[in-house]
Amino acid sequence: MGEEGGADVMVKEGVLDLPKVDVIFGLHIQSTMPVGNIGYKSQGMMAASDWFTIKVKGKQSHGASPWMSIDPIVVSAQIIGGLQTIISRQTELTKEAAVITVGRIQAGIRENIIPEEANFAGIIRTLDPGMQDIIHSKLKLTATKIAESAGATAEVSIERKTPITYNDPALTEMMLPSLKLAAGESYVKEMHAVTGAEDFAFYQQKVPGLFFFVGAMPSDIDPANAPSHHTPDFMIDERGFLTGLKAMLNVTTGYMYMKHKIR
Amino acid sequence: MSKNIHKIVAGTTILLNMQLSFTVILVILVSCTFGQVNSKLQARLDKQANEIEQKVIAWRRHIHQYPELSNRETKTAAYVAEHLQSLGLKVQTGVAKTGIVALLETGKPGPIIALRADMDALPVTERNGLVFASKEKTIFNEQETGVMHACGHDSHVAILMAVAEILSKNKGDLKGIIKFIFNPLKKGHLWGKRAVRM
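Chains A and B supply the protein sequences, listed in that same order.
Under the numbering used here, the residue at position 89 of the first sequence is numbered 89, and the numbers go up by one with no gaps.
Under the numbering used here, the residue at position 104 of the second sequence is numbered 104, and the numbers go up by one with no gaps.
Note that these hints are calculated values from the structure, not bench results.
Treat the hints with caution; some may be incorrect.
Unchecked claim - Below, simulated DSSO-like cross-link-like pairs (lysine-lysine); rule was C-alpha separation at most 30 Å, straight line:
| hint | chain 1 | residue 1 | chain 2 | residue 2 |
| --- | --- | --- | --- | --- |
| 1 | A | Lys-180 | B | Lys-47 |
| 2 | B | Lys-175 | A | Lys-20 |
| 3 | B | Lys-47 | A | Lys-206 |
| 4 | B | Lys-108 | A | Lys-189 |
| 5 | A | Lys-206 | A | Lys-140 |
| 6 | B | Lys-75 | A | Lys-12 |
| 7 | B | Lys-169 | A | Lys-20 |
| 8 | B | Lys-75 | A | Lys-261 |
| 9 | B | Lys-90 | A | Lys-12 |
| 10 | A | Lys-189 | B | Lys-40 |
| 11 | B | Lys-135 | B | Lys-90 |
| 12 | A | Lys-259 | B | Lys-90 |
| 13 | B | Lys-169 | A | Lys-259 |
| 14 | B | Lys-171 | A | Lys-261 |
| 15 | A | Lys-259 | B | Lys-108 |
| 16 | A | Lys-161 | B | Lys-55 |
| 17 | A | Lys-20 | A | Lys-261 |
| 18 | B | Lys-75 | A | Lys-259 |
| 19 | A | Lys-20 | B | Lys-135 |
| 20 | B | Lys-47 | A | Lys-189 |
| 21 | B | Lys-55 | A | Lys-261 |
| 22 | A | Lys-12 | B | Lys-55 |
| 23 | A | Lys-259 | B | Lys-47 |
| 24 | A | Lys-180 | B | Lys-40 |
To be verified - Sample of chain A residues lacking proximity to chain B, with all beta carbon distances greater than 12 Å (derived):
| hint | residue |
| --- | --- |
| 25 | Ala-77 |
| 26 | Val-102 |
| 27 | Thr-253 |
Said to hold, decoys possible - Computed footprint of chain A on chain B; a stretch qualifies when at least three of its residues, placed anywhere within it, have a C-beta under 8 Å from a C-beta of chain A:
| hint | region |
| --- | --- |
| 28 | 48-55 |
| 29 | 78-91 |
| 30 | 112-120 |
For each residue, glycine too, the CB sits at the ideal point set by N, CA and C.
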């Protein structure tokens, strides 16, 4: 069974055309946010997820005579160390958060053989389109130049998986009264960005959109122990649905009868 | 003679003033009516949302009990499509494999607003003891696994089904087109286990 499909394919198949969509709204229920609350963030609310692979090519030798080699394992270790400084030293973190994680590494076959190649891979999570491009180019530069300094080569490939879930700032501001009407003024809260990714972002790449969270944490659960998403114990309080339903109704009619359109 | 002219001029001014005030009153009246219709509609939608709550919960429990992994949401999609068709919407199924697009056309000019829900469940074996917990099993990445709505997309689907029902009922008071999008997800799932706290 094929596993293709998803919001990006929906967009490619033209769901935003005929008739052409002006705006899009979406929500996500949250098991760790109290029932009755709505959380939102203007601009980058959830991260872009990009996957990178780095292939380091050196020179093979006996492990006993490393001077005969260009050791791709040591070069990889240096590159991984270097990648840490992209976020910590070269990224304007007060603007938005960003993450680089190496999640996979593979090299060698035997204790006493320095291999010719090493491969490792990971993810880049960003919340700002400008920062995303800068981090991509710094990652390439860091990997290739460190490899070069050792006489090795590093081949870097970055695959853009999911874009930033980017809430149009003007639309977000326009729709706040609608959200507040649904949940109550003090229950609509601006929240921090989330470094998880969400495929709603594919729609927002094409049309202005607003994505928000709806609280559904069971009230008898200690917030610190509320079962999080993706776990076998995940549980939500169904009373949260009504807030979500009213929010969706309100943003729809709110936008429908608004005098000034987003574009 | 000059007095008469003066009178005529004065009369015209009064008339003009009256016309102006009439226009002002008309504008106020129209905007009031508009505001009233809006707040009336708002109140009605709010009431209907309260009334439909138990149905939303029932739909969600059904979907929760029979979860399907991404791009395999055939039963879920059929369940949703049947509901949307019963509301008289223009429904297109099989978009991006299992996705659904449905249109609520009001027949009046206005914005095209899209509302979206995602339908997929995850390869997780449910163990929370709910009476409507999933017992579904499948093969994923060559491993046998339980299937569970462990990210709450079942509630997104049920909420959007209710939005469609309520907006359809109030079609006469709406304008433009509302496009309902139910989408499958790409292979794998995007969220981390990171908890969101407020």
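To see whether the hints hold, each was checked on the structure:
Taking the CA atoms of Lys-180(A) and Lys-47(B), the gap is about 17 Å. The hint holds against a cut of 30 Å. Between Lys-175(B) and Lys-20(A), the direct Cα distance comes to roughly 15 Å. Compliance with the 30 Å bound is thereby established for this hinted pair. About 34 Å separates the Cα atoms of Lys-47(B) and Lys-206(A), which puts this hinted pair outside 30 Å; it is violated. As the CA atoms of Lys-108(B) and Lys-189(A) are separated by approximately 35 Å, the hinted pair breaks the 30 Å bound.
At most 30 Å may separate the alpha-carbon atoms for a hinted pair to count; Lys-206(A) and Lys-140(A) meet this at roughly 28 Å. With a C-alpha separation of about 24 Å, the suggested pairing of Lys-75(B) with Lys-12(A) holds against the 30 Å cut-off. Proximity of Lys-169(B) to Lys-20(A) is assessed by CA-CA distance (about 24 Å); at most 30 Å being required, the pair is judged to hold. Of the pairs offered as hints, the one joining Lys-75(B) and Lys-261(A) is violated, with about 38 Å between alpha carbons and a cut-off of 30 Å exceeded.
Taking the CA atoms of Lys-90(B) and Lys-12(A), the gap is near 20 Å; set against the 30 Å cutoff, the hint holds. For the hint pairing Lys-189(A) with Lys-40(B), the CA-to-CA distance comes to about 27 Å; that is within 30 Å, so the pair holds. Distance hint between Lys-135(B) and Lys-90(B) is unfulfilled; the C-alpha atoms sit about 33 Å from each other, more than 30 Å. At most 30 Å may separate the alpha-carbon atoms for a hinted pair to count; Lys-259(A) and Lys-90(B) meet this at roughly 28 Å.
Simply put, Lys-169(B) and Lys-259(A) have alpha-carbon atoms about 24 Å apart, close enough for the 30 Å limit, and the pair holds. At most 30 Å may separate the alpha-carbon atoms for a hinted pair to count; Lys-171(B) and Lys-261(A) meet this at roughly 21 Å. A C-alpha spacing of about 16 Å is found between Lys-259(A) and Lys-108(B), which places the hinted pair at or below 30 Å, so the restraint holds. Note on Lys-161(A) and Lys-55(B): the hinted pairing is violated, with a Cα-Cα distance of about 36 Å set against a maximum of 30 Å.
For the proposed pair Lys-20(A) and Lys-261(A), the alpha carbon gap of about 15 Å is at most 30 Å, so the pair holds. Distance hint between Lys-75(B) and Lys-259(A) is unfulfilled; the C-alpha atoms sit about 41 Å from each other, more than 30 Å. Of the supplied pair hints, the one linking Lys-20(A) and Lys-135(B) is violated, its CA atoms being roughly 41 Å apart against a limit of 30 Å. With a C-alpha separation of about 24 Å, the suggested pair Lys-47(B) and Lys-189(A) falls inside the 30 Å cut-off, and the hint holds.
Between the alpha carbons of Lys-55(B) and Lys-261(A) the distance comes to roughly 34 Å, so the proposed pair goes past 30 Å and is violated. Only pairs whose Cα atoms come within 30 Å are accepted, and Lys-12(A) paired with Lys-55(B) is rejected, the gap being roughly 33 Å. For the given pair, Lys-259(A) sits about 25 Å from Lys-47(B) by alpha-carbon distance, which is consistent with the 30 Å threshold. Only pairs whose Cα atoms come within 30 Å are accepted, and Lys-180(A) paired with Lys-40(B) is accepted, the gap being roughly 18 Å.
Here Ala-77(A) stays apart from chain B, with its beta-carbon at least about 26 Å from theirs, past the 12 Å limit. Look at Val-102(A): its CB is around 16 Å from the nearest CB on chain B, clear of 12 Å, so calling it non-interface holds up. With a least beta-carbon separation of about 6 Å from chain B, Thr-253(A) fails to lie farther than 12 Å from that chain, contradicting its non-interface assignment. Counting residues of the region 48-55 of chain B whose beta-carbon sits less than 8 Å from any beta-carbon of chain A gives 4, enough to reach three: the coverage restraint holds.
Coverage of the region 78-91 of chain B by chain A is violated. Counting CB-CB distances below 8 Å, 0 residues qualify, and the rule asks for three or more. With 7 residues bearing a CB less than 8 Å from a CB of chain A, the region 112-120 of chain B meets the requirement of three and the coverage assertion stands.
When held up to the earlier numbered hints, the structure conflicts with 3, 4, 8, 11, 16, 18, 19, 21, 22, 27, 29 and fits the remainder.
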